[in-house]
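Now for the letters of each chain:
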Amino acid sequence: MKKILLCCSAGMSTSMLVQKMVKAAEERGMDCKIEAHPVSAFEEYIQEYDVCLLGPQVRFQLEELRKTASQYGKQIDAISPMAYGMMKGEEVLDQALSLMPK
Amino acid sequence: MKLYDKLMNVVENKIAPVAAKVGAQIHVRAMRDGFITAMPFIIVGSFILIFAFPPFAEDTTNAFGRAWLDFATENFDAIMMPYNMSMGIMTIFVSLGVAYSLARAYMMDGITCACLSLMSFLLICAPVTDGALPANHMGGTGIFTAVLSAFFAVELVRFLQKHNITIKMPEQVPPAIARCFEMLIPVLIVFMTLYPLSLFVQSQFDMLIPDAVMQMFKPLVSASNTLPAIIGALLLSQLLWFAGIHGAAIVVGLLSPIFLTNIGANTAAFVAGEPIPNIFTQPFWDFYIFIGGSGATLALAILMVFSRSVHLRSLGRMSAVPGFFQINEPIIFGAPIVMNPMLFVPFVFAPIVNAVIAFTAVKMGFVGMGVATTPWTTPAIIGASWGTGWTFAPVLLVVGLLIIDLLIYLPFFKMFEKQLLEDEKKVSADQEKQDVVEGTPATA
Numbered sequence: 001m002k003k004i005l006l007c008c009s010a011g012m013s014t015s016m017l018v019q020k021m022v023k024a025a026e027e028r029g030m031d032c033k034i035e036a037h038p039v040s041a042f043e044e045y046i047q048e049y050d051v052c053l054l055g056p057q058v059r060f061q062l063e064e065l066r067k068t069a070s071q072y073g074k075q076i077d078a079i080s081p082m083a084y085g086m087m088k089g090e091e092v093l094d095q096a097l098s099l100m101p102k
Numbered sequence: 001m002k003l004y005d006k007l008m009n010v011v012e013n014k015i016a017p018v019a020a021k022v023g024a025q026i027h028v029r030a031m032r033d034g035f036i037t038a039m040p041f042i043i044v045g046s047f048i049l050i051f052a053f054p055p056f057a058e059d060t061t062n063a064f065g066r067a068w069l070d071f072a073t074e075n076f077d078a079i080m081m082p083y084n085m086s087m088g089i090m091t092i093f094v095s096l097g098v099a100y101s102l103a104r105a106y107m108m109d110g111i112t113c114a115c116l117s118l119m120s121f122l123l124i125c126a127p128v129t130d131g132a133l134p135a136n137h138m139g140g141t142g143i144f145t146a147v148l149s150a151f152f153a154v155e156l157v158r159f160l161q162k163h164n165i166t167i168k169m170p171e172q173v174p175p176a177i178a179r180c181f182e183m184l185i186p187v188l189i190v191f192m193t194l195y196p197l198s199l200f201v202q203s204q205f206d207m208l209i210p211d212a213v214m215q216m217f218k219p220l221v222s223a224s225n226t227l228p229a230i231i232g233a234l235l236l237s238q239l240l241w242f243a244g245i246h247g248a249a250i251v252v253g254l255l256s257p258i259f260l261t262n263i264g265a266n267t268a269a270f271v272a273g274e275p276i277p278n279i280f281t282q283p284f285w286d287f288y289i290f291i292g293g294s295g296a297t298l299a300l301a302i303l304m305v306f307s308r309s310v311h312l313r314s315l316g317r318m319s320a321v322p323g324f325f326q327i328n329e330p331i332i333f334g335a336p337i338v339m340n341p342m343l344f345v346p347f348v349f350a351p352i353v354n355a356v357i358a359f360t361a362v363k364m365g366f367v368g369m370g371v372a373t374t375p376w377t378t379p380a381i382i383g384a385s386w387g388t389g390w391t392f393a394p395v396l397l398v399v400g401l402l403i404i405d406l407l408i409y410l411p412f413f414k415m416f417e418k419q420l421l422e423d424e425k426k427v428s429a430d431q432e433k434q435d436v437v438e439g440t441p442a443t444a
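Residue numbers (the numbering used here), protein chains in the order written: chain B, 1 to 102; chain L, 1 to 444.
By construction, these hints were calculated from the structure, which means they are not laboratory data.
A portion of the hints provided could be inaccurate.
Said to hold, decoys possible - Quick list of the computed label-pair ranges, beta carbon to beta carbon:
hint, chain 1, residue 1, chain 2, residue 2, range
1, B, Lys33, L, Gly65, 49 to 55 Å
2, L, Thr226, B, Gln47, 45 to 51 Å
3, L, Ala63, B, Glu43, 54 to 60 Å
4, B, Glu90, L, Lys21, 45 to 51 Å
5, B, Met30, L, Phe191, 21 to 27 Å
Unchecked claim - Covered stretches of chain L, as calculated for chain B (at least 3 residues, CB under 8 Å):
hint, segment
6, 132-143
7, 278-291
8, 329-342
Claimed, not checked - In the BS3-like style, the derived pairs of lysine-lysine whose C-alpha atoms are separated by at most 25 Å in a straight line are:
hint, chain 1, residue 1, chain 2, residue 2
9, L, Lys6, L, Lys21
10, B, Lys67, L, Lys21
11, L, Lys14, B, Lys88
12, B, Lys88, L, Lys6
Built from N, CA and C at the ideal position, the CB exists for glycine as well.
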């Protein structure tokens, strides 16, 4: 099972994207757990997930969160603004999968 | 466009990095998260207020209104109790929440730090008299003190831990008990520092520390109720959003103590039947200035739904409903508005116009001032009414502002749409050409 964490300011708009990603994963027949949480709860959640993607609006915290993520041996990146705005579930899912540990 | 480029340059290279630093700063974040902890109590508490103060005039002839008014008068104290135990003591939740968040950010024990913070706060804000804790500083007037004492408590524990000034238990002692012993010294130090300070302020100035702190922050609080300050705050939020940074989270994070202080004073005046003092409250910010989210983009979402451009239409359909609930990241990043010169003017200008009109409307008494904190995801039209204790005039104001926003966005939207339509036409023409080329072998 692949576990993907999405974080934005309040976890609201990312949860819309989560729905699209879950749908994309289902269509591919993949076993995924994808959830959105506020970035303030990042540290509590990151341990349970394989990778984390940040909403572009909190991108400015990326470097700091990357330090924490690497402590737990996890990957983290920011979602491209366009893919985020257009809620491209497929594209963001691919991005998450590309960060997965091989 | 030259001015625009210059402005963007300043935002990108000067303001954005500083704001990002401020937004990620550990104390600012702890304050913001701490306030979020307190929010449900404040929202439900202020919601209850309406049962004690029905939105009907004293001489109403409406049977339902009459019955409600009589019931509320008869049971006033009983109805007010839940309010007093939530909104009325909101600083207790703030004190716990801020200290907990800050302690967690430092990877320290959250609950013990939160308790120490609460004790520090009560020590200086609510000295026991006749076996009771006075609650008059546990509402809006104690907010700044609660934040400061939370910072003090957590930093004190951190300092002592860092310098190993602590009572160490042998390793066999269970961690919970060891933690308890670790807190003995910090508790003692709080008593030895804050308490004498409180006694000193009481004897010298005949006031409690929260009163003194309020005096210090008074200029800030009264400045917050002026139009230039409101526009300044919204301008900063908008410029940051335009650079792709969550401006609202940063600006509201900094404004939240002011919002809570203001709404606390407003509710207290409302309960006491006095004139309500503060214009700048969370419902004013969320539901008059930012209808549909930062940039007042609900108007833009509506325009997009009817667009001839495929991109804008599909984005509009996707984001109109979230926009109704004040969520607009899809539009901001999808249109995109971020770094898009064509939408810069309305994105900044529409909220300013909203602020000016709403401010004037409040000043003229057309709409009341905020007396209730509401969830920010409430649709503006409902939230505006709710925030003022369920009056009707704010609904009219929001509708009026939305129409004005539509007019402000329209010309810029048309310009942007025209460009997209040309692009889309070119793409589909290219596509056709491609199809013809690919199709040639088959027909040949």
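Results for each hint:
no.	hint	in the structure
1	B:Lys33 x L:Gly65: 49 to 55 Å	holds (51 Å)
2	L:Thr226 x B:Gln47: 45 to 51 Å	holds (47 Å)
3	L:Ala63 x B:Glu43: 54 to 60 Å	holds (56 Å)
4	B:Glu90 x L:Lys21: 45 to 51 Å	violated (35 Å)
5	B:Met30 x L:Phe191: 21 to 27 Å	violated (58 Å)
6	132-143	violated (count 0)
7	278-291	violated (count 0)
8	329-342	holds (count 9)
9	L:Lys6 x L:Lys21	holds (22 Å)
10	B:Lys67 x L:Lys21	holds (16 Å)
11	L:Lys14 x B:Lys88	violated (32 Å)
12	B:Lys88 x L:Lys6	violated (33 Å)
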